[in-house]
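> Here is how the chains run, residue by residue.
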Amino acid sequence: MVRYAAKRIGLVVPTLLGITLVTFAMIRLAPGDPAMAAMSRGGPAGMSAQTYARLRDHYGLDEPVWRQYLLWVGQVARLDFGRSFHDGRKVTDRIAERLPATLSLAGGAVFLSLALSIPIGLRSARRRDGPFDTVIGTILYALYSVPRYVMAMILIVIVGVELEWLPPYGMTSEGYAGMSLPGKAADLAKHFVLIVVCFTYPLVAYQSRFVRANLLEVMGQDFIRTARSKGLAESKVVGKHAMRNTLIPLITMMALLVPSVLGGSVILETMFDWPGIGQLFFQAMTQRDYPTVMALSVITAVVVLLCTLLADLAYALVDPRVRYD
Amino acid sequence: MGARLAASLVVVLAAVGLVAADEYDPVRDPAVNPPSLSAAPPTDSVADTIAEDEWLVRHLRADPATLNPILMSSGHELVVKEMLFDEPVVYGPNLEWSLNRAMVDGYSESDDHGTAELRLKPGLVWHDGAPLTARDVVFSWRTILDDQVPAVGARAGVEAIVDCSAADPLTVRYRFAQPLPTNKWSVKFPIIPRHVYEKGRATDPSLTQSAYHQQVNRHPVGNGPYRFLEWTPSNRIVLQRWDEYPGPKPHFARMIFRIVADNNAALLMFKRGELDEMSLIPKQFARQTQDDRFAKVGVKGWAEQATVYCIGWNMDGSNPFFTDARVRRAMSHALNLPLIVEKVYDRLFTRCRGIFPPGSWVYNPDVALFQYDRKRAADLLDAAGWRIDTNDGWRYKTVRGADGQEVRARFEFTLSFAQESKTSPQVAAILQEDLKRLGVDMKLQALEYTTLRGRVFTHEFQAVAWAWTATPEPDDARYLFHSDARAEGRNFVSYSNPEVDALFEQARRSFDVDERRECYQRIARIVYEDAPYTFMINAPSLWAFHKRIRGVRFSPMGPSGFVPGVRDWWVPAGEAIRHGDGSTPSG
Numbered sequence: 001m002v003r004y005a006a007k008r009i010g011l012v013v014p015t016l017l018g019i020t021l022v023t024f025a026m027i028r029l030a031p032g033d034p035a036m037a038a039m040s041r042g043g044p045a046g047m048s049a050q051t052y053a054r055l056r057d058h059y060g061l062d063e064p065v066w067r068q069y070l071l072w073v074g075q076v077a078r079l080d081f082g083r084s085f086h087d088g089r090k091v092t093d094r095i096a097e098r099l100p101a102t103l104s105l106a107g108g109a110v111f112l113s114l115a116l117s118i119p120i121g122l123r124s125a126r127r128r129d130g131p132f133d134t135v136i137g138t139i140l141y142a143l144y145s146v147p148r149y150v151m152a153m154i155l156i157v158i159v160g161v162e163l164e165w166l167p168p169y170g171m172t173s174e175g176y177a178g179m180s181l182p183g184k185a186a187d188l189a190k191h192f193v194l195i196v197v198c199f200t201y202p203l204v205a206y207q208s209r210f211v212r213a214n215l216l217e218v219m220g221q222d223f224i225r226t227a228r229s230k231g232l233a234e235s236k237v238v239g240k241h242a243m244r245n246t247l248i249p250l251i252t253m254m255a256l257l258v259p260s261v262l263g264g265s266v267i268l269e270t271m272f273d274w275p276g277i278g279q280l281f282f283q284a285m286t287q288r289d290y291p292t293v294m295a296l297s298v299i300t301a302v303v304v305l306l307c308t309l310l311a312d313l314a315y316a317l318v319d320p321r322v323r324y325d
Numbered sequence: 001m002g003a004r005l006a007a008s009l010v011v012v013l014a015a016v017g018l019v020a021a022d023e024y025d026p027v028r029d030p031a032v033n034p035p036s037l038s039a040a041p042p043t044d045s046v047a048d049t050i051a052e053d054e055w056l057v058r059h060l061r062a063d064p065a066t067l068n069p070i071l072m073s074s075g076h077e078l079v080v081k082e083m084l085f086d087e088p089v090v091y092g093p094n095l096e097w098s099l100n101r102a103m104v105d106g107y108s109e110s111d112d113h114g115t116a117e118l119r120l121k122p123g124l125v126w127h128d129g130a131p132l133t134a135r136d137v138v139f140s141w142r143t144i145l146d147d148q149v150p151a152v153g154a155r156a157g158v159e160a161i162v163d164c165s166a167a168d169p170l171t172v173r174y175r176f177a178q179p180l181p182t183n184k185w186s187v188k189f190p191i192i193p194r195h196v197y198e199k200g201r202a203t204d205p206s207l208t209q210s211a212y213h214q215q216v217n218r219h220p221v222g223n224g225p226y227r228f229l230e231w232t233p234s235n236r237i238v239l240q241r242w243d244e245y246p247g248p249k250p251h252f253a254r255m256i257f258r259i260v261a262d263n264n265a266a267l268l269m270f271k272r273g274e275l276d277e278m279s280l281i282p283k284q285f286a287r288q289t290q291d292d293r294f295a296k297v298g299v300k301g302w303a304e305q306a307t308v309y310c311i312g313w314n315m316d317g318s319n320p321f322f323t324d325a326r327v328r329r330a331m332s333h334a335l336n337l338p339l340i341v342e343k344v345y346d347r348l349f350t351r352c353r354g355i356f357p358p359g360s361w362v363y364n365p366d367v368a369l370f371q372y373d374r375k376r377a378a379d380l381l382d383a384a385g386w387r388i389d390t391n392d393g394w395r396y397k398t399v400r401g402a403d404g405q406e407v408r409a410r411f412e413f414t415l416s417f418a419q420e421s422k423t424s425p426q427v428a429a430i431l432q433e434d435l436k437r438l439g440v441d442m443k444l445q446a447l448e449y450t451t452l453r454g455r456v457f458t459h460e461f462q463a464v465a466w467a468w469t470a471t472p473e474p475d476d477a478r479y480l481f482h483s484d485a486r487a488e489g490r491n492f493v494s495y496s497n498p499e500v501d502a503l504f505e506q507a508r509r510s511f512d513v514d515e516r517r518e519c520y521q522r523i524a525r526i527v528y529e530d531a532p533y534t535f536m537i538n539a540p541s542l543w544a545f546h547k548r549i550r551g552v553r554f555s556p557m558g559p560s561g562f563v564p565g566v567r568d569w570w571v572p573a574g575e576a577i578r579h580g581d582g583s584t585p586s587g
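Note that the protein sequences, when read in sequence, are chains F and V. First residue of the first sequence? That's 1 in our numbering, and the numbers climb one at a time after it. First residue of the second sequence? That's 1 in our numbering, and the numbers climb one at a time after it.
Among the clues, some could well be false.
Calculated cross-link-like contacts (lysine-lysine; reagent style BS3-like; alpha-carbon spacing at most 25 Å) [claimed, not checked]: (1) V:K397 - V:K443; (2) V:K422 - V:K443; (3) V:K397 - F:K90; (4) V:K283 - V:K422; (5) V:K283 - F:K190; (6) V:K249 - V:K547.
Derived by calculation from the structure, the hints in this document are not laboratory data. Everything numeric in this text was worked out from a predicted model, so none of it was measured.
The following block holds chain V by itself, in its conformation from the complex (with noise of 0.2 Å):
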């Protein structure tokens, strides 16, 4: 008893941080990607090797806004869409652009690219028996790109559709605004059931006002493997197998999402046993896993993925630094990544080799990454006319102000980063003390992350601890570095390179592969050159599971959000839990 109180004892400090832990490496812990963790669900039907009666309990970081799959766009909500809504293109494993073998027949472009026709399979329904038909892909079309309905999320990638129509009840024909080889992923939007939304239009046109839609948005008729059970707000949202579905059947007869906002309430439930599977963070992954606990009950999935952390430097002109890209080079070259990746990220982190990530068709292996060479960064600064002044240590530079005059700027600056973040302060203090070696005199800001978004939204920051997941298409990158998009877009650094541009622009009309993988390579080695973005390192997807789940595999998106994806996690028979503890179900 009293070592078992001592032992806790030990994980209340540790949970609080003050028991320093042993340098981590992944490779040698056990519990990661474990063999049984991706075992392929059997596929001879010997009956009863599957326990196909279990629940599986997913953790939830929020609770959704609505789920109407066409008001969606946060992350956390698009887990619980792709379970209650098919969608007739889908991501494959590696986020290809997929037919949906379980809706569609089959997809084909016009020789120009102008046009496209897709069939849908014949006999299709929704959740509550109603045919789903081509008019239900139009209808919803027609209704993401209504301005009155806040389909914020959905309308972007639609708008490249200027036409869309049912040819006849199993055909749907698109007209695009331009012959593009990105068209074939506009196609790819949510499909909401026209009978169901077409009823309160008349009297709220938003479709999200009225008692009706309130009513339907929260209890969805969908189409997908599982049907909606219950939602109890900010704690659970119960689905069950739909038994109808026209795809292969997943295997878990229940999904149940609970909603746990805080991440460390999130690991102890796990522990408990009453999560299967939650997304980790760094410190939770090398840390506060490795105890007995956590062995009982769980393995780790550790894979990488298309997360990029950076540092951005505003160069629109209202600070004296940035605009100057051998300032910026200095920068990559002062960051001390060896030891960030080793003491910060716990060897989990791999390095970044810019805009597109490894596993993409267009990743490029030959970028050569800046060195960590504090010399290097003092000749590039001294180049650009930052000159350290003897009688203070710091560096200098006239400079024009915005009143036309000249000043002496001294090279001082403000470092924004998102308060959450447990690694951003830590990364920051490492660069702030190798420029103040530089004469360079960098403040550091923590931020709430709703303000901090803002202000970046906005371009009111010098610099920013920042980061994204790249999406499959390298065309969208366009809007994270083409000039075009430093008025509206998210070239939030207003970063302007016209060969660039020129590169994004050819690959964007080619419909030669080769030729857009070399084009978007070469935009790869430009970006990462002109250093817009200080690129740090690729995020890797971090993941908890219960041990007795099988058939995981991981996108560069983390192990949902494509098919087969969740649909072939398995329990074996004889190691179910959730449905063999007495409880019934109540639905």
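Chain F with its partners taken away, still in its complex shape (with noise of 0.2 Å):
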């Protein structure tokens, strides 16, 4: 197990300098730079050859780039991200600003479709081929063939201003200042559904039907048979020898759902004007804020680097087969 886990470990190095170089050279190659995108707003006789050389300058642009790049590595290993091109804030001020945000979105996606999915997929598989599997089934292939943006937008459009049934936008209402507290939460709660309902469905369709392709092939084998065979009752067959050996395969799910949350954040919080992390990703990308979109960048790839190392860890502590020593 340990001589495992240090490989997996130290093959998390490279990976990250790789991601580092990836983000940075891509980030480079776009074409326009901060300095020219602030040359469109020198008035109306633009900006001088002098004062661009010096905004450029300023932004750190002049220096060769793999120079940039070595600089920028050795700063992001002392967690320093530098200062935004767009506001001079330090980088890692905004982020932190807006990570609860995200992060309550990602744990009421993962906890709601983890609530859902278990309950249905353990039902669906009992009842195979039952009119609740069937049903059910049908109905999440069909959700899940709907993309996150197009659901996001039937939302916003039919319960958010049609209906006007729950706020589409943002996290708080105006003069959500002046609130009791009850009525703050009642507010922040109503902002949530519409967005995490985004979040969920998806995961919920897929996590169901894997729960219950789990527990179908888990039922089929022969420690149940033998378990059945004892006279155990049905219910503990399926709640004690099955669920586990189901629940396992989900542990590397979880992990990988992080990532997906974290992917869809950008364009669904565009959307929805939720004040998380994803939104600013994409203002920081239409700005050419290199520093936040590359703190950004390294901080999601270590976020799901730790994700999939913790999920094999586990993994390997719950299933011998996997530790390969």
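Starting from two chains that each stand alone, build the complex the way the hints lay out.
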């Protein structure tokens, strides 16, 4: 186990370096730079060549590219992501103030999807091809095929604007600061509903089918037949013996949920005007705010790496076959 | 319920563009420019006719980078700036140069126009109570011109002032580099509080990096009709009416800027009553505001604006086509503008007569427009030597290549446009079709706006769909069309005409208004005929307002950015919706 863990962790470092290199290269290959972006705002006379040169110098764009990369990686290693080209604030501050919005979304979506998909999956498997399994299966397949941004649009226009059941934009209403505590909680909750639904429904669709398939596979195995022939009650067979083995693969899945939620947050947070890091990423990209984009890319990559690492290690812990030593 | 859902579905389909709409005519749209929108505030001070406690929620399309007025330069930042910061000189309703009577007693230039004097009103203070004096004005001028301060937008006009000093606490003296009629504009620059910004300069001369400057740039101390309350990044900026403001007080107790980057989201928020005003794109104005939801909350404002849409032809010699004026004129004749105005721009836009917009004091109504005429275009191309090869139907000409060798070139070029634009692809497709029939092969290239801008500024394009908003000072057009502006400036197409250069110089030095007007009107005619750009249309101001709002007037740059502008907007007592909803002010 120790050797396996060491090997897995050892792989993280070159992977991380590779990610920083690719991130840096991709962002710098996009045409246009922040000095150029500022240039168009230089009044009717435009910006003089001196001012442009001064701006490039101000942003540190005059250094050779490889030097810029090394400087940046050095800073990142010390957890210093520099200052935003957009407003000059520390990138870490900008990300930190938006993190709660995205984390609460991710947490809500993961919790809700598991809370729904595990019972649905188990029930579908136990009454395989019954009416519940058929109906719910059809609905979930249909939902799974609707892209999140289409669902977002439908929910915003119909539930948010036409029927006015729920607020479709932002986290809080106007006048939030003056509300009572229960009022604030209710206001926040209302704003969460639509965007969390958008994050959750494809996860429920996928995970419940996943749980169903796993349980069916496990139920066909010898040790289940043994348990049954021992005369155990069916609830014990499923609840104790089958369940455990069904949920093991879910650990890997949960780790992969994080990248899925982070990736989806860029478009969904922009559509729902949600002040999280996905929206920040989108804005920073259009502003050519290199430090913010690179910081977000690296942080996302690290989170994903850590999640898969944790999943692998957890998997090895619960399933001895994975420890290759 | 079923009908309601069906209606919702239509709304969704319309939003994604699947339902074809009828032809639009703004003149017949009852929501456009209703008399209530422009109703002036009641002047007799009868109490309770205006809801003076009401809040106004305005749309801001992006998060400002800063609220320090000398560091601002984007349009959405200036919208916030004019509420927080007052300047001695402001734009009037037609964007004319005007003194701000809330803070200035007078302005005079010496007889030789080499110097000027500005007299501030006594007793002015900043929002924090510190006195505002001539020394603040001088400090601001120095700071704007400081090389270490990235005051990109503010610096452009101020460079005409070579010296600025405080003769006494209420008198500012300016000395100009040259005696020019445009000098009075250079006095129009933002003022920052010296007592706030001098503190941190020693440690952070850029005014942008230190924690102290970060703080004061994001929590500004201003002198305008509103004071700063709070700013949640990318979400909202909240301002509170300043009771000690020396000028006429605005009618909204609180002004909230709601930052929403996506225009579609903003329109849906508007329909939910969460925004009180926003700028609309043509498609929204003509197609997406015809529903009952919109009619329940909003009305629309439609006015002429000084924005020019055009196609630029790069004539720096990097392509063999556009250095020849006949080719550029042929392009102008090939563009089917009547069709474009009707189909693409929904009759909202008017045809453009060149560089100065209607409403400008130098507008030339006598410029003869290029008519859509393919036969004429073909003749011009023939005359320029681009002849049709009957084998393949395309036009060819023998030209000298970069290496001096003669080569047979096919008339094939690329039109670049911003991929964010909804209308440019349609305009381009119409032109492409007409050019194809003329034997000219036009390729299309959609580029992200930041990228396109970079290419245009470095002259790396052949033809480009472009736009700009003309400033009120016609001399500013020099930076677009004078041959000196090819290397440094905004003469992106490398236009050069000695006669135009001379007229710009003449107009720039004359203090005779009639002489200046004549020069600029001649420039307008010559440039239009030379066709460095094919001038298409003047884009209008298209706006949505909550229907309770009154007192809106439009300048050639839209409903704000001038005095009185937003300061005159008001809501009749009894129609207030925001302050009476149980919410209480938080600050």
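> Between K249 (chain V) and K547 (chain V), is the straight-line Cα distance small enough, at 25 Å or below?
Distance of about 22 Å is within 25 Å: holds.
> Regarding the pair K422 (chain V) and K443 (chain V), is the alpha-carbon distance no greater than 25 Å?
Cα-Cα ~18 Å, so holds.
> For the pair supplied as a hint, K283 (chain V) and K190 (chain F), confirm whether the alpha-carbon distance does not exceed 25 Å.
Since the Cα atoms of K283 (chain V) and K190 (chain F) sit roughly 31 Å apart, the hinted pair is violated (cutoff 25 Å).
> Can you confirm whether the C-alpha distance between K397 (chain V) and K443 (chain V) stays at or below 25 Å?
Holds. K397 (chain V) to K443 (chain V) sits at ~19 Å (cutoff 25 Å).
> Are the Cα positions of K283 (chain V) and K422 (chain V) separated by 25 Å at most?
At roughly 8 Å apart (the allowed maximum being 25 Å), K422 (chain V) and K283 (chain V) satisfy the hint.
> Below or equal to 25 Å on CA atoms is what counts here, so check K397 (chain V) against K90 (chain F).
violated, 57 Å
Comparing the model with each earlier hint shows violations of hints 3 and 5; every other hint is respected.
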